[in-house]
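Q: With chain A fixed as given, assemble chain B onto it according to the hints.
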Amino acid sequence: MGSVFTLLRHPQSAFTFFSPLIPRATMSLSAKEKDLIRSFFSKVSGKMDVVGHEALSRMLMVYPQTKTYFSHWKDLTPGSEPVRKHGKTIMEGVKEGVNNIDDLPAGLVNLSELHAYTLRVDPSNFKILSHCILVVLSMMFPGDFTPEVHVAMDKFLTNVALALSEKYR
Amino acid sequence: MVVWTDAERAAITGVFKKLDYDFVGLNALGRCLIVYPWTRRYFATFGNLFNADSIMGNAKVAAHGKVVLTGLETAMKNMDNIKNSFAPLSALHSEKLHVDPDNFGLLADCITIVVAAQMGSAFTADVQAAWQKF
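Residue numbers (the numbering used here), protein chains in the order written: chain A, 1 to 169; chain B, 1 to 134.
Isolated chain A, as found in the complex (with noise of 0.2 Å):
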């Protein structure tokens, strides 16, 4: 998809094709919606831990500029020790964000001060892991992944995001 749409454009650069590192504006979840979220979280828990390593292993392959983070990692192909673990601490963070889908940026804080003193994962990429997530339930769970349950969710790991990115600056 990069190649096709970047050449779409007059003159361009390869990576114009991902979101800037300006903060995208909140856009906030409504009621229908967080229910949504919680009833297809329901299903998928039994899941997470293979959600999780399904797609953190595909951010690795299909972004490779994500690996610069995992440097200290001795293998970072599917399936192994390192990737398998932290795809669920991922996942289990998704998951203190939907018990925390009313004040998300409250409920997440001490991973936002993670990210943004520890870590300093560039935001960009939190697009990038969320995209993968995305892919990964629609495979997963096609009839449940409706259009309904694809906007809410994408709603939500944006908001996720912007809890992360919180104490950046």
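Treat the hints as calculated values from the structure; they're not laboratory data. A quick note: this is a predicted structure, and the numbers were derived from the prediction, not measured. Fair warning: there could be bad hints in the mix.
[As the list claims (entries may be wrong)] A few chain A residues that don't get close to chain B, going by computed Cβ distances all over 12 Å:
id: 1; residue: SER28
id: 2; residue: ASP49
id: 3; residue: ASP75
id: 4; residue: ARG84
id: 5; residue: HIS86
id: 6; residue: GLY93
id: 7; residue: SER112
id: 8; residue: ARG120
id: 9; residue: VAL121
id: 10; residue: SER165
id: 11; residue: LYS167
[Claimed, not checked] Derived CB-CB ranges, DEER-like:
id: 12; chain 1: B; residue 1: ASP53; chain 2: A; residue 2: ARG38; range: 20 to 26 Å
id: 13; chain 1: A; residue 1: TRP73; chain 2: B; residue 2: LYS60; range: 47 to 53 Å
id: 14; chain 1: B; residue 1: ALA7; chain 2: A; residue 2: TRP73; range: 22 to 28 Å
id: 15; chain 1: A; residue 1: LYS85; chain 2: B; residue 2: ASP126; range: 20 to 26 Å
Note that beta-carbon positions come from the ideal geometry of N, C-alpha and C, so glycine has one too.
A: Structure of chain B alone, referenced to chain A:
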């Protein structure tokens, strides 16, 4: 110019062989209009796009989804020369349709998600990498 490995070419042509243009076209464009509602600004002549049900039932959305995929097929058939083969489409989208280029990424994400749902486990990480590059 983009360089493709044999594995990447095989992955892309493999995806197209499995693609149901009607299904993927409607679902990808439909989801783009639902998940990123501001994209509806480009489709004022399509009639009722007010909610998910009306979008997914809209015949013009279905027809246009197929047009988009046919355009992608052109790219697949000209993988070593997408820039030149897309020159007329590029001019169309910029000079006539005035589409903000950020929207291409949004539609691309929706296409990827629908293709993934259709292909299931066959949409491996390698295939996804090749597809993202494409």
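Q: Would you mind marking each hint as holding or not holding in the structure?
A: Hints, verified against the model:
{"no.": "1", "hint": "SER28", "in the structure": "holds (14 Å)"}
{"no.": "2", "hint": "ASP49", "in the structure": "holds (17 Å)"}
{"no.": "3", "hint": "ASP75", "in the structure": "holds (15 Å)"}
{"no.": "4", "hint": "ARG84", "in the structure": "holds (14 Å)"}
{"no.": "5", "hint": "HIS86", "in the structure": "holds (16 Å)"}
{"no.": "6", "hint": "GLY93", "in the structure": "holds (22 Å)"}
{"no.": "7", "hint": "SER112", "in the structure": "holds (25 Å)"}
{"no.": "8", "hint": "ARG120", "in the structure": "holds (25 Å)"}
{"no.": "9", "hint": "VAL121", "in the structure": "holds (20 Å)"}
{"no.": "10", "hint": "SER165", "in the structure": "holds (19 Å)"}
{"no.": "11", "hint": "LYS167", "in the structure": "holds (27 Å)"}
{"no.": "12", "hint": "B/ASP53 <-> A/ARG38: 20 to 26 Å", "in the structure": "holds (22 Å)"}
{"no.": "13", "hint": "A/TRP73 <-> B/LYS60: 47 to 53 Å", "in the structure": "holds (49 Å)"}
{"no.": "14", "hint": "B/ALA7 <-> A/TRP73: 22 to 28 Å", "in the structure": "holds (25 Å)"}
{"no.": "15", "hint": "A/LYS85 <-> B/ASP126: 20 to 26 Å", "in the structure": "holds (23 Å)"}
Consistency with the previously given hints is maintained throughout, with no hint failing.
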